[in-house]
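A.B. asks: Let chain A serve as the given structure and place chains B, C and D on it in line with the hints.
Protein chains: 4
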Amino acid sequence: MKALVKRNFEPGVSLMEVEKPTPSKNEALIKVSYSSICGTDLHIYKSDVWARSRIKPPLITGHEMGGIVVETGSEVTQVKVGDRVAVETHIVDWSCTLCRQGKAHLCSSTRILGIDCNGSFAEFVSIPETNLIVNSPIVPDEFLPLEEPLGNAVHAASITQVSGKNVLIVGGGPLGLLLLLVLKGYGASQVIVSELNDYRLTLAKNLGADLVIKPDELNLLNIAKEATRGEGVDVSFDMSGHPLGINDALKALKPGGHMVFFGLPTSDISLNITDDIIFKGITLHGVIGRQMFTTWYEVLSLLENKKIDLSPLITHRFPLSEIDKAMEVMSQGRSGKIILNPEL
Amino acid sequence: MKALVKRNFEPGVSLMEVEKPTPSKNEALIKVSYSSICGTDLHIYKSDVWARSRIKPPLITGHEMGGIVVETGSEVTQVKVGDRVAVETHIVDWSCTLCRQGKAHLCSSTRILGIDCNGSFAEFVSIPETNLIVNSPIVPDEFLPLEEPLGNAVHAASITQVSGKNVLIVGGGPLGLLLLLVLKGYGASQVIVSELNDYRLTLAKNLGADLVIKPDELNLLNIAKEATRGEGVDVSFDMSGHPLGINDALKALKPGGHMVFFGLPTSDISLNITDDIIFKGITLHGVIGRQMFTTWYEVLSLLENKKIDLSPLITHRFPLSEIDKAMEVMSQGRSGKIILNPEL
Amino acid sequence: MKALVKRNFEPGVSLMEVEKPTPSKNEALIKVSYSSICGTDLHIYKSDVWARSRIKPPLITGHEMGGIVVETGSEVTQVKVGDRVAVETHIVDWSCTLCRQGKAHLCSSTRILGIDCNGSFAEFVSIPETNLIVNSPIVPDEFLPLEEPLGNAVHAASITQVSGKNVLIVGGGPLGLLLLLVLKGYGASQVIVSELNDYRLTLAKNLGADLVIKPDELNLLNIAKEATRGEGVDVSFDMSGHPLGINDALKALKPGGHMVFFGLPTSDISLNITDDIIFKGITLHGVIGRQMFTTWYEVLSLLENKKIDLSPLITHRFPLSEIDKAMEVMSQGRSGKIILNPEL
Amino acid sequence: MKALVKRNFEPGVSLMEVEKPTPSKNEALIKVSYSSICGTDLHIYKSDVWARSRIKPPLITGHEMGGIVVETGSEVTQVKVGDRVAVETHIVDWSCTLCRQGKAHLCSSTRILGIDCNGSFAEFVSIPETNLIVNSPIVPDEFLPLEEPLGNAVHAASITQVSGKNVLIVGGGPLGLLLLLVLKGYGASQVIVSELNDYRLTLAKNLGADLVIKPDELNLLNIAKEATRGEGVDVSFDMSGHPLGINDALKALKPGGHMVFFGLPTSDISLNITDDIIFKGITLHGVIGRQMFTTWYEVLSLLENKKIDLSPLITHRFPLSEIDKAMEVMSQGRSGKIILNPEL
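Chains as they are written, first to last, in this note's numbering: chain A, 1 to 344; chain B, 1 to 344; chain C, 1 to 344; chain D, 1 to 344.
Only chain A is shown next, with the shape it has when bound in the complex:
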């Protein structure tokens, strides 16, 4: 089959013919319909410091995906050939104390599709049946790969009440924009998006942001205060991982507010804990992955009932063979979500 393989730590990936995988007894073989590109895929593509320390080439990369079950292992009972599925990308051990407490998304043995084992930028991929999420026909094919990052956003948005609240998103990349869609759908009173990149700011505005701020031209804190009778926002989400962004997100909060850490800083971050956290009685949440599988049921429910429309967020579509062009667009921040089609 065709697959995009990270063969070594030179930049880029190679479109190659590789052997089609065979599902083990608890796995199903999935014919990939679409993948979408995650920031992680770009890190691997570029062979950055993180990628060099984490992955072991050769590796088929990619993890946001949808497809059709075409073969099932001998002990598979929960899916059948023909099922249309999205995929939870964290493969966990189900036996550690965290998994046994309903915190599988924090399992310390987690292996991630396309990072720790072969992924979805290919024609086929074999996946444990417990990780497969059967979708109703109502959900369009192109939405399936987006369910995984949408789950991140739903998980983040569910960690504290956002309905009827003023919220700030720092960082309008694809995940920040997915979060924007979720927060609008959940009835946040105002969603303010802070982002440097003009393309993304425009996209945020088009997706319904109540206020967009470009923090290099304007003072984020003043604007956030002004939009909230001088009080500050109820909830802020850092999707940037940037030191200034994180501190802005924290300082923009009103006393008693909640902050979500989502974007991954690449180095230690310095915080004014006394003034910005203790005196204001702030609660902070580190958010990773999706709740397995509470979040997924919510994602399915939102999409099946058309409460969230992902279409305007899908800005580009490429065949696997044009991965270099796709990564170039993504690298420049001139995209929402990019879909990869293995068949083209």
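A portion of the hints provided could be inaccurate.
All copies of an identical chain are treated as equivalent in the list; a pair is satisfied when it fits inside any one copy or across any two copies.
To be verified - List time: in silico EDC-like cross-link candidates among lysine to aspartate or glutamate, alpha-carbon distance up to 20 Å: (1) Lys-280 - Asp-268; (2) Lys-306 - Asp-141; (3) Lys-2 - Glu-322; (4) Lys-307 - Glu-343; (5) Lys-280 - Asp-116.
Hints in this document: simulated from the structure, not taken from any laboratory. Bear in mind the structure is a predicted one, so any value in this text is a computation, not a measurement.
C.D. replies: Here is chains B, C and D on its own, set in the frame of chain A:
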């Protein structure tokens, strides 16, 4: 000034000239712009069993209201003449252990406007300043009286997560319909409304209910299960107070679900606690009033940012002098919210 | 091996020689050290209405147990021969939407040890490895069978805050007394126990109840109010399933309080929802089983660190052969927990 | 009357005769029975950087106190002459949006007794009646001043579940030790205390710490892991404000754990947000003051029912005139709580 006075326990109320009230030192005098009619007002109008046991005529009835501050008591500091205000109708003591724990809505000394003291079906009414909610010019005058019952709905909707969930409302009266607007605004995946009255069912459909059920023709439980892959709803709200409605709302829940009791039963209700509550691990919430004043800030935020449009729910407008006509329409269940105008 | 078998619906059980079970690939064979007797075992012993509708003889009864792993199925990886284990008695499917959301204790396919399949009143029993809880040597052998009902009590006590609160337990049977131990350990300010049986009242007092009430002689509500400055208790637990007990537990609550339904009523219960639930803003929780396996880790932690001493609750010990005597004592309510030893 | 006055920013305070205060209409005059010394008092005594930026001499310092109502203002209704009271030291405006949402402890207009207005190191002090907490005769006089910092500890301990959990306290000063007493009382499975000072470590051990660690001799993280089967603690409390202490507290957590920030850092703190917060799904809570007045009712309930014994924590008693000796002992960390008696 003109006022609708409940003079004794004969049915009805009388439009009379009465003395204009004088604000005490912590009160403000409000010129009423609009009132809306609550089910409680109808109970008092009819002098039913509850009304006879609770109110002490003569009494100016009415409590859902908006107006303008025209005079302030000597120690009033938080509002000023000209402020446009809605009113929290629970007048509490602020000194009992419940008030001192942020549970003023449960204060055991609560006095309610238009029930325990003179109310808003009049040209003027005097109100403690702590109960006044100053509104921004963005919110239309006619919405102000509806903020109080909207607060009930927001309080009920905030008691457990509804975003991304399947919910059932049993009882599509004005409060059930306000709740419908809130649940839609908060991103519930599906809102199912069960109601006997055709007028209200049509209104529910127009206001965005995903599914409406007339339980005398159809089997509520089967329909609710069918709409939820056989699982049952995540959250159900009883707004009816009816024995069958309450039991339906409970049985329609999936295991682990939440139920809100809002409608007031007039007699004891028999429940299958073993099968419907314990074996299913259900959580039930008795909900009364609004959180003072957390709920109000959320109401203001939703209306100022136009996240909820109350217009389609306002179906009738009458002058005070046509109270009999208004009560007749309401009695028949052929209305959404009815607005009373003291000036007409 | 020896086992107590419910052969048919005549009252009682028979001590018989039966075939030793063989573990399937995901099971381990456990040599039972001790079992303890649950109220359910008494229902089955007596062949009451519930038992006749639920079990299918012949059946080895019993489910509260501890023992040693003596053989493991071919795919067992989490326990090994020699491990000393307690047992989660709910055997669930791990694949339904409830199990996949961390609510396995609400799985609709649950099979219960000693009710739906052969149980622990025997020399050996075969158990799925996921249901085995390996214990540290610090925990005494006799405590192992009590971990399962202790888990019920911990689950009930964890559903709302009890530390620093005034709480009421209605029903001082073995589970009510385990709950008493947990509530005392968790720093409840006052634990009030209401119970008719003198033996149990004395045991409750000895186990540390701050106040014991015999509701046929005294007025429970007056006493509960008096003990709480007239306010009522913060949390009440009904462990009785009795109509009067449930209503007392509800009425004894202060506004904003929480009630836990644990005892199983045998018929519908009539409640004053308006006055006792809605006007008081009460939250009610149906509690069943234990959280799998969050509760178990807490149980282990409490016992390993000697925060709860179960010794004074173990009042009787019998060999399997004296089951009739054990059931007689239990039937009269003249016991705490009764231990059965298969070896004697 | 006699009072300890901070006259200017020279180190120390002066015992002086000053005018006895007169209560305003909403205040009561309190004859101080005992005060206790807070770390803040030491900062003011020493005139450190923070003190110089915050207080405005001349000022009577001190805020942890108990006493007797000896005179009441004209509008006081909730206390009467002879009442024995403890004091909430945050004087708030009750009218800002935070106060009106039950978050008075976060009121941005807060004035603190003995910092922003005259305090309790005196024979008399005048206090708003809403800040007075009437105590039952069961609670000893010397415990009254300790209720305020005990409230801090109760507030911190109530922010997430600690019963049945493994917890770490970093910093065994007086507040850390009060927290230790609360956590033990609430049934934490293990309380580990990390502290450099030998006197405090011994006191922690005597007060019931399950494990005490001196982090300069031993590796805190290894010990915390070892005490928790390699998993890490469920909850950690930083009471030190120290950069190393905060990072230790964070790194000692298991995935999904909770951390409380209580000790005030004097400069920005650098955190590894990616590894220590996001990947582990940690929740962090900034905690300040006490919930007004939910925490106080819990404090009263714990003390009246003798669930927490403060006696072993009171290590020194001095008259006002020996303030220099008292501050010297405290400065060296050779004390638990120190009581000041205005009468000696």
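A.B. asks: Each of the hints needs a verdict: does it hold here or not?
C.D. replies: Cross-check of the supplied hints:
Taking the shortest Cα distances, Lys-280 and Asp-268 sit within 20 Å of each other only across copies (16 Å), while inside one copy they are farther apart (22 Å). Taking CA atoms no more than 20 Å apart as the test, Lys-306 paired with Asp-141 passes inside one copy only; the shortest distance there is 14 Å, against 33 Å between copies. Proximity of Lys-2 and Glu-322 under a CA criterion of 20 Å is satisfied intra-copy only: 13 Å inside one chain copy versus 71 Å between copies. In this assembly of identical chains, the alpha carbons of Lys-307 and Glu-343 never lie at most 20 Å apart, being 30 Å within a copy and 42 Å across copies at closest.
In this assembly of identical chains, Lys-280 and Asp-116 lie within 20 Å of each other by CA distance solely across copies; the values are 18 Å between and 41 Å within a copy.
Hint violations for this structure: number 4 only, all remaining hints satisfied.
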